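Chemist: Those protein sequence lines, which keep their order, are chains V and R.
The first sequence begins at 21 in the numbering used here and counts up one residue at a time.
The second sequence begins at 21 in the numbering used here and counts up one residue at a time.
The reader is advised that the hints may include incorrect statements.
Note: identical chains are not told apart, hence a pair may lie in one copy or across any two.
To be verified - Taking lysine to any residue pairs in the SDA-like style, the calculated list, with each CA pair at most 25 Å apart, reads:
| hint | residue 1 | residue 2 |
| --- | --- | --- |
| 1 | Lys33 | Arg64 |
| 2 | Lys55 | Glu152 |
| 3 | Lys55 | Phe148 |
| 4 | Lys51 | Pro151 |
| 5 | Lys33 | Thr49 |
No lab work stands behind these hints, which were simulated from the structure alone.
Note that the structure is predicted; figures quoted are calculated from it, not measured.
Protein chains: 2
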Amino acid sequence: MRDVALEAKVSLKTVSRVVNGESSVAPVTTKQVQKAISRLGYLRNEHARALRQQRVLQMLGLVTEDVSNPFYSAIARGVEEEVRDRGLLVVAGSSDEDPARERALLEMLCEQRVAGLLVVPTRGDHGFLAPEIGHGTAVVFVDRPPDNLGADTVLLDNFGGARSGVEHLLSYGHRRVGFVGDLPDIYTTAERLRGYEVALADAGIDAGHAPVRLGCHDSRSAAAAVRELLELPDPPTALFACNNRITFGALQCFGAMSRPVALVGFDDFELAPLLSPPVTVVSYDQAEVGRRAARLVCDRIDGMNGPPRKSVIPTTVVARGSGELKARQVAAPRRRPARTRG
Amino acid sequence: MRDVALEAKVSLKTVSRVVNGESSVAPVTTKQVQKAISRLGYLRNEHARALRQQRVLQMLGLVTEDVSNPFYSAIARGVEEEVRDRGLLVVAGSSDEDPARERALLEMLCEQRVAGLLVVPTRGDHGFLAPEIGHGTAVVFVDRPPDNLGADTVLLDNFGGARSGVEHLLSYGHRRVGFVGDLPDIYTTAERLRGYEVALADAGIDAGHAPVRLGCHDSRSAAAAVRELLELPDPPTALFACNNRITFGALQCFGAMSRPVALVGFDDFELAPLLSPPVTVVSYDQAEVGRRAARLVCDRIDGMNGPPRKSVIPTTVVARGSGELKARQVAAPRRRPARTRG
DNA sequence: TTGAAAGCGCTACCAA
DNA sequence: TTGGTAGCGCTTTCAA
Numbered sequence: 021m022r023d024v025a026l027e028a029k030v031s032l033k034t035v036s037r038v039v040n041g042e043s044s045v046a047p048v049t050t051k052q053v054q055k056a057i058s059r060l061g062y063l064r065n066e067h068a069r070a071l072r073q074q075r076v077l078q079m080l081g082l083v084t085e086d087v088s089n090p091f092y093s094a095i096a097r098g099v100e101e102e103v104r105d106r107g108l109l110v111v112a113g114s115s116d117e118d119p120a121r122e123r124a125l126l127e128m129l130c131e132q133r134v135a136g137l138l139v140v141p142t143r144g145d146h147g148f149l150a151p152e153i154g155h156g157t158a159v160v161f162v163d164r165p166p167d168n169l170g171a172d173t174v175l176l177d178n179f180g181g182a183r184s185g186v187e188h189l190l191s192y193g194h195r196r197v198g199f200v201g202d203l204p205d206i207y208t209t210a211e212r213l214r215g216y217e218v219a220l221a222d223a224g225i226d227a228g229h230a231p232v233r234l235g236c237h238d239s240r241s242a243a244a245a246v247r248e249l250l251e252l253p254d255p256p257t258a259l260f261a262c263n264n265r266i267t268f269g270a271l272q273c274f275g276a277m278s279r280p281v282a283l284v285g286f287d288d289f290e291l292a293p294l295l296s297p298p299v300t301v302v303s304y305d306q307a308e309v310g311r312r313a314a315r316l317v318c319d320r321i322d323g324m325n326g327p328p329r330k331s332v333i334p335t336t337v338v339a340r341g342s343g344e345l346k347a348r349q350v351a352a353p354r355r356r357p358a359r360t361r362g
Numbered sequence: 021m022r023d024v025a026l027e028a029k030v031s032l033k034t035v036s037r038v039v040n041g042e043s044s045v046a047p048v049t050t051k052q053v054q055k056a057i058s059r060l061g062y063l064r065n066e067h068a069r070a071l072r073q074q075r076v077l078q079m080l081g082l083v084t085e086d087v088s089n090p091f092y093s094a095i096a097r098g099v100e101e102e103v104r105d106r107g108l109l110v111v112a113g114s115s116d117e118d119p120a121r122e123r124a125l126l127e128m129l130c131e132q133r134v135a136g137l138l139v140v141p142t143r144g145d146h147g148f149l150a151p152e153i154g155h156g157t158a159v160v161f162v163d164r165p166p167d168n169l170g171a172d173t174v175l176l177d178n179f180g181g182a183r184s185g186v187e188h189l190l191s192y193g194h195r196r197v198g199f200v201g202d203l204p205d206i207y208t209t210a211e212r213l214r215g216y217e218v219a220l221a222d223a224g225i226d227a228g229h230a231p232v233r234l235g236c237h238d239s240r241s242a243a244a245a246v247r248e249l250l251e252l253p254d255p256p257t258a259l260f261a262c263n264n265r266i267t268f269g270a271l272q273c274f275g276a277m278s279r280p281v282a283l284v285g286f287d288d289f290e291l292a293p294l295l296s297p298p299v300t301v302v303s304y305d306q307a308e309v310g311r312r313a314a315r316l317v318c319d320r321i322d323g324m325n326g327p328p329r330k331s332v333i334p335t336t337v338v339a340r341g342s343g344e345l346k347a348r349q350v351a352a353p354r355r356r357p358a359r360t361r362g
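Let the sequences and hints guide you as you build the complete structure.
Modeler: Set out below in structure tokens:
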């Protein structure tokens, strides 16, 4: 900026005024300065601006489990759409469900003085964010509530969605409905499992002895778990898949079977209508999760005070075929012996 | 930091030394300072650091067409993995193929003084980046080369991949192979179309009259284009889909047909093996695109000079079923009249 | 081992 | 309409 001032033969302050589009500059001077700017390829330094103005960076931090998982990248997209007009950029990082990595990311983002933070929290305590929130950083928790911390939160209707999905299966005559999910210490898994159990209980089915497999974090392990369930002495005729990865695992497993059992999965995905049978899912507006979180965080940036707010995104069952197979249509699976015994 | 100094009853400089882990501080002093830091919840200000040190922000900017497209989010993931250990964060933005929006994003990122820029360029001139590159910003172009600018580039083997994919189809006896793609002013489309044409020409087929449909940017329009091709008087018995969106469109269209034509698509996707028939694709390591681009940009950040480099990611044909239908197996499609005529 | 002072690039404030 | 000066929070340099 100093160089520009020299080049244009005006004062530093005048250049500053031109760069910031202040009105009180003579058109001739403005021209001169702009010429000097483009001659020198000058670009104003946001650090110095932010420092002087006691401002934060025009960025939002977004920490999810994995930026390449479609669920999270849809959220990222929603956030971006919502804050585009405010000139905010989005810094996205993947925690890989590792609390240490998540904390490292969040602390880096705080040091960079981002305007706000959107977090899909891993398990464990997030109390370390309390001082930041105290210092004015806007923090919103997404998809899972924070442990040990009061902060704005956007959640899905996990319980209601899972319950409706399972009820949907029950309404087609199934009595033996399996559940496959990730670790139950993940909030969404626990809530969906609860929805499943309540749906069973309401139908007079003993949820205590229901065919449940947990701890599946990828489609491979989910496929193995599904196979296990289908090889039980009294195998389920229908399956509830707790998230998109589990659904993919179940589909992998079905690929090897002559006839699939009924299936409803939590999370919609682009190719669901193209599979055979097309996959019935518990669906919701994924980008809206991001948009709503961004709105909450912007409110706080704009100075809104008050107690933590909670926003819940509704879900709907989208029937496509896989969830409408009737219990009596589903063949009692051929009792294939496990490979090791074969 | 001043407050911490007062609280710990030491000088500003001593606090700075502790914060930066410099060795020349007495252990007792260090303890005191650390206590004061945690009491006050102090966090150092990266703006002031960057300003004083004439440093750039510890961030990489990544501008793609759409962060929620799996192809681009896989790249983002690759970039993140590669730079994680260097403590770099990734700011990701979507251009939506709009040159103005892309330019706005890139200029914001430059103003924020990011350490480097990774760009999947839209059509149009990128000469406006030349001064930035001159000022030392590391820029790498990804997936498409820059117009009118010398810069490091990571590309796929678009030509070779498409050619192999089409040759694969030809080897199953097809003589009438369709091509559906996006606008040909997108570099990847043009290269893949060229690969298609060369493969046809090498097989003695007149590429000039081949069934080609371009300008499809989403799966909807791709599905319409595929339908058009299949309703031609002399319809193709095989189809080459120019990218993942086109492939999805073709699959949508096939869903309504009794028997699909042979299909090979550029870009692999998670559910490809689960469709019926499983989808044969031209595949490559998506995350490696991001990793390699990140390596190039880091080299430049580390001061490497020299002429622009180009890195080409190899592709392979992954045969799964849809691309191995023989020409004589594919039924001459029933000549369904167009809806308006029906 | 510790501290004082200068200055990074910019804008707020006051003066002309 | 313009310009000078101070200072944002930090690190660098030099001195004690």
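Chemist: Going through the numbered hints above, which ones does this structure break? Give me the numbers in ascending order.
Modeler: none
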